[in-house]
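If you want the building blocks of each chain, they are given just below.
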Amino acid sequence: MTTYYTDQHEWIRVDGDEGTVGITSHATEQLGDVVCVETPSIVKVLAKGDEAAVVESVKAASEIYAPVGGTVTAVNETLAGEPANVNADPEGEGWFFKIKIADKAELATLLDGDKYQDFVKGL
Amino acid sequence: MEVSNENLRRTPLYALHVELGAKIVPFAGYEMPVQYPAGILKEHLHTREKAGLFDVSHMGQAFLRGADPARSMEKLAPSDFVGLKEGMQRYGLLLNDDGGVKDDFMLTRLADEPALYLVVNAATKESDFAYISARLEGELTLTPRPDRALLALQGPRAGAVLDKLSPGIDFLSFMRVARAKVAGVDAIVGRTGYTGEDGFEISMAAEDAETVARALLADPDVLPIGLGARDSLRLEAGLCLYGHDIDETTDPAEADLVWAIGKRRKTELGFPAAAKIMDRVLNGTARKRVGIRPDGRAPARDGTEIADKTGRIIGKITSGGFGPSLGAPIAMGYVETAFAADGTEIDLLVRGKALPARIAPMPFVPHRYKRGAPK
Chain V
1 MTTYYTDQHE
11 WIRVDGDEGT
21 VGITSHATEQ
31 LGDVVCVETP
41 SIVKVLAKGD
51 EAAVVESVKA
61 ASEIYAPVGG
71 TVTAVNETLA
81 GEPANVNADP
91 EGEGWFFKIK
101 IADKAELATL
111 LDGDKYQDFV
121 KGL
Chain W
1 MEVSNENLRR
11 TPLYALHVEL
21 GAKIVPFAGY
31 EMPVQYPAGI
41 LKEHLHTREK
51 AGLFDVSHMG
61 QAFLRGADPA
71 RSMEKLAPSD
81 FVGLKEGMQR
91 YGLLLNDDGG
101 VKDDFMLTRL
111 ADEPALYLVV
121 NAATKESDFA
131 YISARLEGEL
141 TLTPRPDRAL
151 LALQGPRAGA
161 VLDKLSPGID
171 FLSFMRVARA
181 KVAGVDAIVG
191 RTGYTGEDGF
201 EISMAAEDAE
211 TVARALLADP
221 DVLPIGLGAR
231 DSLRLEAGLC
241 LYGHDIDETT
251 DPAEADLVWA
261 IGKRRKTELG
271 FPAAAKIMDR
281 VLNGTARKRV
291 GIRPDGRAPA
301 RDGTEIADKT
311 GRIIGKITSG
321 GFGPSLGAPI
331 AMGYVETAFA
341 ADGTEIDLLV
351 RGKALPARIA
361 PMPFVPHRYK
371 RGAPK
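In order, the protein sequences belong to chains V and W. Residue numbers for the first sequence follow my numbering, so the first one is 1 and each next one is one higher. Residue numbers for the second sequence follow my numbering, so the first one is 1 and each next one is one higher.
These are calculated hints, taken from the structure and not from any lab test. These figures come from a predicted structure and were not determined experimentally. We treat Cβ as the ideally placed atom computed from N, Cα and C, and that holds for glycine. Among the clues, some could well be false.
What the hints assert, rightly or not - Footprint (simulated), chain V over chain W, 3 or more residues, beta carbon under 8 Å:
#	segment
1	292-300
2	319-326
Unchecked claim - If you want a taste of the chain V side facing chain W, the calculated C-beta under 8 Å gives, among others:
#	residue
3	V35
4	C36
5	D50
6	V54
7	G92
8	D114
The task is simple: from the sequences and hints, build the whole structure.
Spelled out as structure tokens, the structure:
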């Protein structure tokens, strides 16, 4: 499994042709306490960069974009009752949705872990 | 969030905020703490459970002197200031000639002092001071006091905490004000606040603010609280934020602030647009400020349009967010008066979707002021 990152602070962990998507701990620090996550519908087809989810924090609403194109296969139902999981464990329990990746070549446009860390340091 | 240092001012506690790990944002021309490491949610809940310390030194403080400054101020605001007793403060609305609200403020008559003590909002302080000085020229002298800082200590433990640093202060009841020593420092202490909780606002010389703040923060019941939680606390308490819920385009009648018009003033009049405002109080207004509870968990923010169940736009949200003490989103805004009754079903247009919501009574969280014994 490999995890890739976007410059919009999403992560995608790839296992075969399926990816699990969430937001990074840097993103959660910026957002503050998350109070609500609107996840996409299962079977929704997303193109890379499409708005996929909305995170509402105590401060503001933020759109989450699909890191790659594909079809939504699962959403994290526990976030409806426990949105704080996003803050507590952003790259684990706080995942948003899973996507069947349409074209794995799109992963090459994303950042690896080291490049993402460098990117965050430069902000 | 970008922090711009251009022309931004700092309160006397800026260094302390940074030392405490605050996230600093520009607000009303100042670099202010929006939150500390605990985060908005915890800061909010801690204030409701124990006590929170707020730096509100950006607000405008002034003293008003004249032959009868209370009577003079009645020319610009509909409160009964002439009837304000010594050692008490009162809420006021600074009105323009159309009856629109230029600002809301607190006016205090200190015991045995001819000058009145005024506190206004940060973003409007310069324009308020200029307006009051110009309109009351020759009868009232306004002296701004940028050399003073202002702290708020709010929450159910506030009385016990402050009494340790200012023995006897816990005897003050809601809206009473006294000069007192706090941690050895000369201060003006009012039993008031902006959270719906019991608490105090403490005014002192800027150079003494850090002494008082550190003494309060040394108490294990006290956490520093940023502007983020200040906003969610006041929204749960149903209190207006100037510039959002009230402004120069809203008048006291439609803003549901008729309680801020003194009983004597309702017949004597003599405040700006008095006849027009009283006509609106008696005969109703086209729109009204109301509380709103969205059905789901998604908050609806300031500016969100409100529709009736047929999709017709009937109003707009002026403050909206998440109420940590309720575990649910809350909002306030203006709707056509026909839709203002509690329980009326409405839709909030959030990101192109109609989010079902209901008109709800305010405050969303009951006020817990320390009222004096009934007379």
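Right, here's what the structure says about each hint:
1. 292-300: holds (count 4)
2. 319-326: holds (count 3)
3. V35: 4 Å, holds
4. C36: 4 Å, holds
5. D50: 14 Å, violated
6. V54: 7 Å, holds
7. G92: 19 Å, violated
8. D114: 26 Å, violated
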